[in-house]
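Chains as they are written, first to last, in the working numbering: chain A, 1 to 816; chain B, 1001 to 1511; chain C, 2001 to 2314.
Keep in mind the hints are simulated off the structure, nothing from the lab.
Incorrect hints may appear among the rest.
[To be verified] Derived PhoX-like pairs: lysine-lysine, alpha-carbon spacing no greater than 25 Å straight-line: (1) B:K1344 - B:K1381; (2) B:K1344 - A:K132; (3) A:K370 - C:K2206; (4) C:K2208 - A:K376; (5) A:K218 - B:K1381; (6) A:K132 - B:K1381; (7) A:K291 - A:K376; (8) A:K370 - C:K2068; (9) C:K2206 - A:K376.
These numbers were taken from a predicted model, which means no experiment stands behind them.
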Amino acid sequence: MKKINYNLLFGSIFTGAALLLVLVGLFYTPYDPEEMDAAAKNLAPSLSHLFGTDNYGRDLLSRVMVGARTTFATGILTVLAGGIFGTLVGLLCGYFGGWLDECIMRINDGILAFPSILLALAFVGMFGAGEKNIVLALGILFIPSIARVVRGEVLRQRELDYVTNAKLMGASTGRILFVHILPNLRRTLLVTMAIGFNNAVLAEAGLSYLGLGVQPPKASLGRMLQEAQSCLRLAPWYAIVPGVVIVVAVLGVALLAEAFSEEKSPARAAKKKGKSLAAGAAPAGSLLFAKNLRVSFPDARERMEKYAVNNVSFSLSPGEILGIVGESGSGKSMTAKAILGLLPESANVSGSILYCQKESGQAIDLLAAKEETMQKLRGADMAMVFQEPMTSLNPVRRIEAQLMEVFRVHHVCGSRSLLRARLVRALREVELTDAEGVLRSYPHELSGGMRQRVMIAMAMLLRPRILLADEPTTALDAQTQEEILALLQKLQKEYGTAVVLISHNLSVIKKLCSRVLVLERGQLVEEGACEEIFRAPRQAFTRKLLQAAQGEDFTKRLLVPKDSPVVLTVSHLHVYYGKKTRLLRPLSYQKEVLGGFCMTVKKGEVYGILGRSGSGKSTLARCLCGVQRGRMAGRIQAQGRIGMVFQDPYSSLNPQKSVLWLLEEPLRNQGVCKKERREQALAMLAAIGLSEEYAGKNITQLSGGERQRVAIGIALMARTEILILDEPVSALDVTVQEQILALLTKLHNLWDLTYLLISHDESVIRRMTTNSSRVDAPQEEAEVKKTRKNVKNEKNSIYFSEKFYYYEGIKPESEE
Amino acid sequence: MKKIMTITILFAALLTILSGCSGGTGTDEGRNNSAGGSVVVGITQDLDSLDPHKAVAAGTKEVLYNIFEGLVKPDKDGNLVAAVAESYEISEDGTTYTFVLRPNVLFHNGKTVTAEDVIYSLKRSAGLLDTSDPEVQTVAALSVIQTIESTVNSEGREEITIRLSSPNTELLGYLTCSIVPCDYTKQDTEPVGTGPFVFSSYTPMDSVVIVRNDSYYGQKAHLEKVTFQISESTDAAFVELLAGNIDIFPYLTEDQAAQLAGQYNIEIGDMSLVQGLFLNNAAAPFDNPLVRQAMCHAVDRQGIIDMISGGHGTIIGSGVYASFGAYYDESLAGRYEYDVEKAKALLEEAGYGDGFSFTIVVPSNYSYHISTAQVIVQQLKQVGIEAKIQQIEWASWLSDVYADHNFEATIIGLDSQLAPSDILKYYISGSPKNFINYENDAFMQTYEKAVQTTDAEQKKQYYKELQRYLADDAASVFIQSPALLVAVNPALDGYTFYPVYVQDMASVYYK
Amino acid sequence: MTILKKFLAMVGTVLLLSFLSFLAFQVIPGDAAQVQLGTNATPEALLELREELGLNDPVLVRYARWLKGALQGDFGVSTRYRMPVSELLSQMLPNTLALALLSLLLVLVLAFPLGLLCARFEGSLFDRFFTWVNQTVMAVPSFFLGILISIFLGIVLRLFVPGRAVSWSENPAECLRYLFFPALAIALPKAAMSVRFLKSSLITEKNKDYVRTARGKGMSRTRVLLTQMLGNAMISVVTFLGVVAAEALAGSIVVEQVFGVNGLGRLLVASIANRDYNVVQAIILYLGIAVVLVNLLVDVLYRRLDPRVRRQAS
């Protein structure tokens, strides 16, 4: 079902019409636009004068043709002049920051607050009135607004890994700004400039109204409107014609900008509830029974329905824990959302999900149920816990308000203190000891683990019969994971809640679930008792999953030379975060993120660095690459070129470029000639296991694993000897993880590389490294931060606790 | 069209919101059909000073005319009639002026006008006071005054005797300068004069209110109250006219007048201005008289008048307009007929056969002059001259064009006191008023003679000669004395035109 | 700390601004004396008047003198209107403030219901209709909108008498009644922008996890919109409204001209034309201070709305 993009359509029509008027006006106007005729004054529109004439007897159509040209040219030139300078200023300010930024942004503020009329007058005073100076004045006024937007965007882009990557590749600052960052600002620039164009057109009209703009007898739309004022009754068309042209053009450009700035959201599907297939009765005793569940999204690009969930049937018994496993994109979350009726509006759903109601025991089809019915069920009969505890709570409301809402929505009566007591009890149940404090807190004042506990407490508040847990532990560190899982199990036992546990992590499933569904690309490939499936998987896909989860020990395949020289030494590295001292602020505001880290890496080693999230592993990596900003102390000695592969393949590669371009980039910076660049790049493409057809592909067309391969390839292009791998596989599915690790092993042996592997995943470190260190933050992250008072203390606690401890590492198990 | 539709719909929606708060507006309360009542007069320039001796703008003077009077004042035919003075006498040799003061003329503050006040006022205007206020406009023509004395004549009336250093028979026109009380210091904010109306209040950028002077010595005004409402522009005033908010508005454009026809009486008078395309005689190519003459031939004056004022207006051919009556040389109006070929030939002769380009600077606050410029630009194209228009602010015009003579051409209207020497003083070399850099020794000598001669017939001849000089030299392109189109509330009568730029409210009354 | 720092930076901006405008007057031809004396000016009189007005001193001296006076609350005397600048401003300021507040109020009254409804029923006929209306209103030049309002509401429908502005000091109620119409001209485009901004902020929030959580609790869409999303969306909207407020407080030059409102915008234009720099300086100072105050207010609101920012400040 194809939906027309009205913004694009009408935007094009309007802009096109305005452009046509101007273009035709360039070559042909029915009359001389400045030719006066006392006999033809104020004629109404007729065949000889399509739009009528003005009070000098000039033909309005001709005038509006050239007037529109003047006005639009003013707009475009203004936008170009202001846009170019504004972009430049914004790029510089955003990229370099510091006092330059501070100064320029102050001046920016000044110009923004400066009365534009005075500025325009100053220009007119200096250079005389006329459209050139209007362009100049408007352009200058446009600079601050665009600079501000660009600066903000650059600040955001600057922190993305692909910029760091480009820096590592030896790109000059200019190159980073203009070749790497600028193309990524395209969309932002487009929208801002469209707005700027509109403002300029309207401003030209306003300035001409004040007599400062285009000089008569030259026509501009603004001037025409101004002149039309005195003839509003006599010749209303005089005002209407330029007015309509302005509105049409401005509207057209605005609509076009709107159309281009829209997220490429899937076209809206017609809202139709999937027809429930003859709601066959649920098997006796099952709480929930899904039959032939299909969820699809219309794919605008390929003009076909894309199935996220395809023909899945399963049942859920009261009190059981059902696991759903699968890789990302296999439809796990969609299944859960379909149960709760929280699918995006664009989704098409069919099949049925029968739910056996509490009181009546009658089954209703959740997919066909009314929204009000669903609202009653959600939160009361079935509840959900999501993956990201960080964002799943409303950041601007206190925990108490958010929990209390559950009562209010489901009309649970009781005095405030009574309900509050219930909340405290619920929080204690999820092992939050300072329940009172938590209630008073805002989400950001809690740690990740605490937030997830709050989420669970919220879900369990009304003792639902079904709890849907969608990757509830993935975002948490290992220890917290354990605790949360234990908590889920405890609650399930205590209240007999049926739990649907969704995870890509087989060990989590294995630990908790009694029964498992395995999904692959939206289809149910295997179903059965947990133990059985783990012991004897029937399907190849399941076997592959299990195999990957076990993990091969790559250390056996790694070739590590004996008695090789030291290539990297880090001694007593201290790194501080926090802003630099400014004005009178004391230095103590900074916090130390690395406190005297030491390590020695020999050539050919795979050196592992293990640490929890937030322990400063990435900071260490950035220090080694020399891209860390801020205050540092200590010493780093390296022999050989250092390259780096980042955790997130989606942010570390410039989304605007093709694979080949990216692979060539390091050589380009070294000034290698085009032919050689191409050869080397293609060779590298083969080495990282991608066929040649990938060369021309845009990075956005690649999967996560393919991107990571490209990232590795880029890092190695510059004849890198030491490769820092910052969580190279943690964002990938397990099966892909194995492939990437195998590739890394192959390349290590092929080119005698030295690896520094950074990860929070102990198994990766164990399987890959020949020598390792551990960076650690102390363990007691538990229950400290609640009340206002505690918040203050907490700052200190971070300052003291987040130091690094240096261990002599896990002993190497090197092998010849 | 669809856009307009949506806007209308939006308005319609808003109307329903508004309907609750709309009440009776625009009522005509407080107006009687007989004597009395009040009117609103629209003006488009804010007053530059309330002190009549400090005011420069013609727009200010036309308002202050109702509050202040001189020893004499102009009537509608251009004659100077007695005002504060009861009668006057000019000596044969033109060096002594004697005025008999009208008895018991009261200032608005209740004080009787004395000879002392008159002497103070004249000296203040002439710049003869010991302590001078730099803002007071010195009337240069009054500088010929040597002494002013007051005496009491046989009938017990006070007399003022003015002796001049050199003969001048047309000083009377300058003696219209306002008589103000001598010991009064608040003229800037609460002006006090002797006129038929009393100043009531002034709100900057908004309005001036005057009320009837019930103790006026002469024919008392009919209206009780007159509000001069300051509009931002003619266009803004036009909207107010449509709304019926203004009773009298004197600066309509032809198009506006056409639109108001049913709603207002449109009265047509003369602006008493020399409107011209003034050429900088010192700047190339206008330093060449042939080029200036070509310009004169290339501008179709009647075309301008037809285009922008619907045929109303008086063509002039030199620097004096028709209100000067006997001094005006009407034959000059046809001195340069509109003739493209002649213009081209003259240009060829001057060495500009291919034409040239120049810029016309126009003060942005005068839309009438801007319109004129537009038409001229179009007309000059016919002879191959390309003119550009540059609007500048009035303040910039004063400094760049008027003071610094930094321009090629400009369009402006020159006004004057009721003395022919006043309208011609713009062409005296060396004078700061000679912004067009006109140089002609013969003109200078004749001017001296014209001012000093006491023979009336001789004087007329001299002044006509001066006008001929200007025309022959094509000092500038003199266009017209524009028509003044005034919208007057049909209920009103008695609106009177004067040969000077004033709005006399004393004569206006409700029918 | 941050607020104080911000405040100091703003004060710096205001000073810079006033100095720049002082410089601007050096660049523009003509001065107060020239304007005052007009076509009768003689070089001697000009010199004398300039001396009296203190125009002959170097620009820095004049600026220092002005600054010294301004710091003591003395903004000098208007060369044109011959009254203390503070008195002149006190005549105009109430009109501008009333107009500003009225238009702000209108913006809020129009923008919030429409923005919320459009976001709630995104993609519906209602939403699409108002999106178009919005775009169209934004595409009309403000002076033209003013003229349209004068003609339609004033002349054709006779809801008010265009040009007959009532001053605040005369009759506050009548003044507000009249100002409603210019306020409409100011508010419509800004309301349109606000609707758009509010809507897009709300729609951004729509896909956030916490909205899903709230829906998971069993809350209806409307309830989620009002109790959850609005609070979050307001964080960015308040900044935008701050800009709108600052613009409104600055007074709309064009709208004040079209409707003949005696406000600061019109006074600014007139004073620039008169080269009445004491008045211009005072107005610019006012503008600067208004912007500073609005920014501070936005900051405070920001802190109230977003607990995360609040913590950083403590």
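Each hint, compared with the structure:
Our distance criterion of 25 Å between C-alpha atoms is met by K1344 (chain B) and K1381 (chain B), whose separation comes to about 11 Å. For the given pair, K1344 (chain B) sits about 32 Å from K132 (chain A) by alpha-carbon distance, which is inconsistent with the 25 Å threshold. Between the alpha carbons of K370 (chain A) and K2206 (chain C) the distance comes to roughly 21 Å, so the proposed pair stays at or under 25 Å and holds. Between the alpha carbons of K2208 (chain C) and K376 (chain A) the distance comes to roughly 22 Å, so the proposed pair stays at or under 25 Å and holds.
Between K218 (chain A) and K1381 (chain B) the alpha-carbon distance is near 14 Å, which keeps this suggested pair within the 25 Å criterion. At roughly 23 Å between alpha-carbon atoms, K132 (chain A) and K1381 (chain B) fall within 25 Å of each other, so this suggested pair holds. Proximity of K291 (chain A) to K376 (chain A) is assessed by CA-CA distance (about 23 Å); at most 25 Å being required, the pair is judged to hold. Between the alpha carbons of K370 (chain A) and K2068 (chain C) the distance comes to roughly 72 Å, so the proposed pair goes past 25 Å and is violated.
This hinted pair checks out: K2206 (chain C) and K376 (chain A) have alpha carbons roughly 21 Å apart, not beyond 25 Å.
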